[in-house]
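Asks: Chain by chain, the residues run as shown.
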Amino acid sequence: MSATADLSRVPRSPRSRVDERWSPAQRYRRSLWLLTTRDLKVRYSTSALGWLWSVLDPLLMAAIYWFVFTQVFQRGSVGDRPYIVFLLLGLLPWTWFSAAISDCTKAFTRDAKLIRSTTIPRSIWVARIVLSKGIEFLFSIPVLAVFVIGTQFAATTDERAQVHWELALWPLAILLQAALTFGIGMIVAPLVVFFRDLERAVRLILRLAFYASPIIFSLGDLGRIHPLVQSIAAFNPFAGVITLYRSAFFPAELDWFAVLMSAVLSVVLVAVGLLVFRRTVPAVLKEI
Amino acid sequence: MTAVDATREAAVDAQPVAIAVRDLGIRFKRNRTSRRSFKDLFSGRARRARPGEFWALQGLSFDVRAGEAIGVVGRNGQGKSTLLKLVAQVMLPDEGSVEVRGGVAPLIEITGGFVGDLTVRDNVYLTAGLHGMTKARIDEAFEQIIDFAEIGDFVDTPYKHLSSGMKVRIAFAVIARLEEPIMLVDEVLAVGDKAFKEKCYARIDEMLAEGRTLFFVSHSEKDLLRFCTRGLYLDKGGLVLDAPIREVVDRYNADYPVARKTPPKAT
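Top line first, the protein sequences correspond to chains A and B. Residues in the first sequence are numbered consecutively from 1, following my numbering. Residues in the second sequence are numbered consecutively from 289, following my numbering.
Take these hints with a grain of salt, some might be off.
[Unchecked claim] Listed below are the simulated DSSO-like cross-link pairs for lysine-lysine, each with C-alpha atoms no more than 27 Å apart in a straight line:
hint : chain 1 : residue 1 : chain 2 : residue 2
1    : B       : Lys485    : A       : Lys113
2    : A       : Lys106    : B       : Lys448
3    : B       : Lys423    : A       : Lys113
4    : A       : Lys106    : B       : Lys317
5    : B       : Lys482    : B       : Lys510
6    : B       : Lys487    : A       : Lys286
7    : A       : Lys106    : B       : Lys485
8    : B       : Lys485    : B       : Lys524
9    : B       : Lys423    : A       : Lys286
[Claimed, not checked] Computed spacing ranges between beta-carbons, pair by pair:
hint : chain 1 : residue 1 : chain 2 : residue 2 : range
10   : A       : Val72     : B       : Arg318    : 31 to 39 Å
11   : A       : Leu204    : B       : Pro545    : 52 to 60 Å
12   : B       : Ser451    : A       : Leu172    : 47 to 55 Å
13   : A       : Trp170    : B       : Ser451    : 46 to 54 Å
14   : A       : Lys106    : B       : Lys524    : 45 to 53 Å
15   : B       : Asp444    : A       : Arg110    : 44 to 52 Å
16   : A       : Arg207    : B       : Gly499    : 54 to 62 Å
17   : B       : Arg318    : A       : Val146    : 56 to 64 Å
[To be verified] Sample of chain B residues lacking proximity to chain A, with all beta carbon distances greater than 10 Å (derived):
hint : residue
18   : Gln303
19   : Val403
20   : Asp410
21   : Gly525
22   : Val528
Hints are computed from structural coordinates only; laboratory data are not their basis. Idealized CB from N, CA, C, for every residue including glycine.
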């Protein structure tokens, strides 16, 4: 009991003055945190494997792509070496993104009763998904570390992953990805309420976006097809995010143009998302 | 009783306005198949109802002062619950405004926030927290909440394993413990056994005595007369009468004499 009960207590802020109203910002943060921990708690208290499930998907995918590209096709030219580390650097963030977006399609319907009975700012319903999936992403980083350490026993130096100073760019990558996911989620979540078909469409688009993003390959690989392809691919806001993550182990991956694009697009998407959300929320509340 | 009412009424006029409703209107779709286009979604707040839509409420204006107990009367489908949701701000108006000063404890869909897989304890902290109660306040009120719901033995039981009566009891206990100046009650009292119902009534009396504002929707004349001092009579989406509760109930009975013949306890 104590382990789960502790989660419900806001661990960071030791504020506990009695009889004091929350300011709107505090209330937002607190409600967000309550719902996020609820998500995680439910996930981990109902399944025995808990945490493992959240890393199993990217791990399995990584194993498949690693096997196909390095063992079956023997193509050393895709991505960078060690390929498994390269892959995980794309797959783990992608899992955060795609899981969050596909959960956003159910953001309003799954908690309809709760939404109908509380007045907390509605954007929390999207933000809490982005946050809880983000926390799962952070929890999955140890898996990456295990593989990085594992590659140190490789026979050749170019199969050994090495950490570079660009690891310091990770907070920026996480921030960008959170904004990007939040922006898209704010657009998707309310629209799904009116157009139920969108739920399936989103799943399809996500799958398409997976192959359109430099996850199993790098932006540079596209440049080898034609430099123009690489430039077009850089307009994918996710490309810049991935290059940031990857630069920690593969500094050559860093593409500031792509990063700039994803920063600009994230800001635009958040703005559009907030606008769509504000305009549609009254109708959403009637519909659910 | 009447003397108490009279003094309460006199005191009420001096109180600040707790709920201010102005030209309130909300419309709904008549059927699910009516087309909804992207243009619809983004075209602000057009005044007229579009084809296939109707105004559930329109042109409502009234003030509620702190400490008043308002009963909302009307037939089924005349917008009573919708009005309550608008006051609770869990639904947003298409025109006009609802201004609520102070927090609201909504006894609407009370079990909605509870998660089946979490324990009662976790659920209490979660729901009370979402309604704005600080952690310290919940700690203090926790015993009272559990006592009130009479489920002391099930504090660490997953919520889904409770009986449906227990579920409602704990939910009521949490919301009724919120320290909000305004409470909204929507027929929730129809649930639970007789003893618990009495307890709920006692709790509402207690909260009224503490000077809270009550907004009460019910079909039960007895309950309305018991708790409320002022009535709002809704019919066909409009506010027909805003007067002392006795007058409102009489008018309603005069307008719908058939409804009078049905068992008064039907809710």
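Asks: Compare the structure with each hint and give your call.
Replies: Quick rundown of the hints versus the structure:
no. : hint                            : result
1   : B:Lys485 / A:Lys113             : 23 Å, holds
2   : A:Lys106 / B:Lys448             : 22 Å, holds
3   : B:Lys423 / A:Lys113             : 23 Å, holds
4   : A:Lys106 / B:Lys317             : 22 Å, holds
5   : B:Lys482 / B:Lys510             : 15 Å, holds
6   : B:Lys487 / A:Lys286             : 33 Å, violated
7   : A:Lys106 / B:Lys485             : 36 Å, violated
8   : B:Lys485 / B:Lys524             : 31 Å, violated
9   : B:Lys423 / A:Lys286             : 32 Å, violated
10  : A:Val72 / B:Arg318: 31 to 39 Å  : 59 Å, violated
11  : A:Leu204 / B:Pro545: 52 to 60 Å : 59 Å, holds
12  : B:Ser451 / A:Leu172: 47 to 55 Å : 52 Å, holds
13  : A:Trp170 / B:Ser451: 46 to 54 Å : 49 Å, holds
14  : A:Lys106 / B:Lys524: 45 to 53 Å : 37 Å, violated
15  : B:Asp444 / A:Arg110: 44 to 52 Å : 25 Å, violated
16  : A:Arg207 / B:Gly499: 54 to 62 Å : 58 Å, holds
17  : B:Arg318 / A:Val146: 56 to 64 Å : 59 Å, holds
18  : Gln303                          : 20 Å, holds
19  : Val403                          : 6 Å, violated
20  : Asp410                          : 6 Å, violated
21  : Gly525                          : 15 Å, holds
22  : Val528                          : 24 Å, holds
The structure shown violates the earlier hints numbered 6, 7, 8, 9, 10, 14, 15, 19 and 20.
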